[in-house]
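Using the hints provided, position chain D relative to the given structure of chain R.
As given, the protein sequences belong to chains R and D, one line each in that order. When you read off a place in the first sequence, starting at 1, and then add 64, the result is the number in the working numbering. For the second sequence, counting from 1, position 48 maps to 32 in the working numbering; every step adds exactly one.
Rather than coming from a laboratory, the hints here were simulated on the basis of the structure. The reader is advised that the hints may include incorrect statements.
Not the full set, but computed from the structure, chain D residues with beta-carbon under 8 angstroms of chain R [stated by the list, open to error]:
id : residue
1  : V(-3)
2  : G(-2)
3  : R31
4  : D51
5  : R67
The model shown is predicted, which means the values in this text are computed figures rather than measured ones. Cβ atoms here follow ideal geometry from the backbone N, Cα and C, with glycine treated the same way.
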Amino acid sequence: MDVLAKGGKALLLGNEAIVRGALEAGVSFATAYPGTPSSEIADTFSAIAKEVGMYFEYSVNEKVSLEVAAAAAISGYRSLTCMKHVGVNVAADALLTYAYVGCKSGHIIVSADDPGCHSSQNEQDNRYYATLASLPMLEPSTIQDAKDMTKEGFEISEKLSQPLLLRTTTRVNHTRSVVELGEMKAPKPRGTGQFDKDSLLVTVPSVARARHPILLKKMADAEAMAETSKFNKIIEFAGKNAGKVGIITSGVSYCYVADVLREFGIAARVLKLGFTHPMPRKMVAEFLKSCETVLMVEELEPWLEEQAKALAYEQGIKTKILGKSTGHFTRLYEYNTDIVRNGIGKVLSMPEQAPGENTSVKLPSRPPILCPGCPHRATYYAVKQAAKGKSMIYPTDIGCYTLGRAPPLSMADYLLCMGSSVGTACGFSVATNSTIVAFLGDSTFFHAGIPPLINAVHNKEKFVLAILDNRTTAMTGHQPNPGTDKDGMGYEAPAIPLETLVKGCGVEFVKTVNPRNLKETVRVFKEAMDFPKVAVVISRSPCILLKGIKKEPKYEVDQATCKKCKVCTAQFACPAFYYEGDKIKIDESICTGCSVCSQVCPFTAIKAKCEGC
Amino acid sequence: MTGKQTDIMLSGVGGQGTLLAAKILGDAAILAGKHVVVSEVHGMAQRGGSVECMVRIGEALGPIIPDKGADAIVGFEPIEVLRYIQKTSGKTIVVMNSHKVVPFTVATGSEKYPSMDEIRAEIKKRCGKLIELEAYDLAFKAGTSLATNIVLVGALCGSGILPMTEEVVLQAIKKNVPAKYVDVNERAFRLGIQAAKS
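Isolated chain R, as found in the complex (with noise of 0.2 angstroms):
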């Protein structure tokens, strides 16, 4: 693997690029919840972990990820923990108290925001967390920066006995470019680790109290690091004269306004950010003062731009600031070298440039589906049988079954984030009158189901729960969790039963379909809805994508026998259908043979291809 190179320059991912700045730095210890645009750091960290000697695991959820390593950390491993933007919502109960708590070897924590959510709920910019815990932060550019700002952050975090937030955006984790390769650490072996008790780490109010303005304290020290920090530094461009313009920007922006001024040929100064929290005051209104104009480039929400304006009027400076207050960029979206282009343009009075013009042939839509053979439209199909003549409601969760929203299946009403399925089944089960189907998959059930399920039951509310368990964690690239038999560094692990946990929870109505059975699947779930509790059925069927899945006979159209009722296409809606004339047939190299289609079938018109004949 390119990650763990000798030396010399690697074409590496940013998210390989993290791994291998970890390594560089001796990184002992890594944990995760998958979750795009972050996952290939953890998956990078669960493929090499043995080889290397260090330890490694997908814990449950975020929260959990982000106390197993607070824990190693006060113990003497550096210790790194990747989720995405959304995943630190769900440690923002442990981070805000850690800040406090501090570590004692370094410890840094990914945030992989996503502008423009490519793969997320919302693009919430997760800079403000570095402000609202007291966290140092660094925010690479280039996928260089990438693997040396992680390598980096351990010494920062550790001089300043504080975990430290590496923020990165979809552009950073998953661009591939050149990274000159440094020389890696051997990590320190399992169980060597020293726990030294200190009552400043139980964090009663007393202690709270008393932790405060440490780490007020440590913010101060913090920002004077920042001051001198190589990752912030001013770069002159040089061209036209473009009168005193200065550009303040971080992040994957900086690559576009370097673009920009490269190509256009314009002189202008440049600070580039990368150790942005705390924000080096004296340094910013330094450069601040050495321009008439300053130019805010960031993407999402003014966060540098606040700061900046705020330092502006306490040290009385005159210069203007421009950004997303004054119109020149949006909020919205990620940016790219068109939109930087144009707002540098506005400030230089460049004409704008107009966008390339999209074709005006008219295209067939091409959005992401639900695979061939994929067992959740098995699931989907069978509870729409169930639930004919019924008003239903079908709160949804985040996995790959939320493409389900798509009609003709349209199973999908409402989504918040990780296990909402579960807590918004409660509300919507005392709120309406309507028959109720909550889905969710089996990793997202582990992560943020349990507690919603408890809290159904206690309360008396009445719904059908769907787990959808296909074995894995397939959105984010199957990941193992803890339903499966293997843990994050390849060992034998206890599998989870789902049932027994179900049962648990205190759930009397427990029964597990095989969704390829459409007629047992569709009885099963009429027998729950009739249930007067809460009621789970666990759809069982491994995602097809998975390795080492059985081949079987594929599926082809009788033509003699099909009356043409569209039922295959229009209804149950497989991918591996596709119209030849007015000829119904299966695509034979994507169809999986999963049979469901033969069971949909009103005519019996569907049959598994004889092999040989």
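The following block gives chain D in isolation, referenced to the frame of chain R:
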């Protein structure tokens, strides 16, 4: 970008090997001693959806090719060329696999797939040069339809737009495919080059 920048847009459908093709081009650029930035798409988009990757060889740092800035677009599927046509200019070379992957909405009759003539006319109107090939069939001829992406890398190489030699690109291919599939991929690569040159 001005100067020696070469920007390649790759567009296709989840599962077609677009990501691997982009990584191969990135590795080849490094082998040739060049700076490169490759942007990828992961997660939800991969489930049969439209997939885009961008390979930027040269001094550019930003991972996203500006509008009208692509020097070449490699369409793993015909309509996926048109979906990103705003990235092209009158100078852009288009390498298009004519093998269709029909979207489900079309397969079941709710949307229409434009005619190949309409697609070709739009590309010719907007772009510099169209290199069209049956990459799927050529890959099959090389030994496996799974090497369609390598045929397209070959065709891109054969178009002459890359600032790397064929040998360097082949070296990058060898680095990225399992040892037992090196021969079939080399054949696929050569067939792609040949198709672009003929």
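| query | Can we keep the V(-3) of chain D interface hint, with Cβ of chain R closer than 8 angstroms? | reply | Where the cut-off is 8 angstroms and the nearest Cβ of chain R is about 7 angstroms from V(-3) of chain D, the hint holds.
| said: Quick check on R67 of chain D please, does its C-beta sit within 8 angstroms of some C-beta on chain R? | reply: Interface hint status for R67 of chain D: holds (6 angstroms vs cutoff 8 angstroms).
| task | For the hint on R31 of chain D, just tell me whether its beta-carbon gets within less than 8 angstroms of chain R. | result | Hint on R31 of chain D: holds, closest Cβ of chain R at ~4 angstroms, below 8 angstroms.
| query | Should the hint that G(-2) of chain D touches chain R count as held when the rule is a Cβ pair under 8 angstroms? | reply | holds, 7 angstroms
| task | With chain R as the partner, please determine if D51 of chain D meets the hint condition of a C-beta pair closer than 8 angstroms. | result | Status holds, d = 3 angstroms.
Checked against the numbered hints given earlier, this structure breaks none of them.
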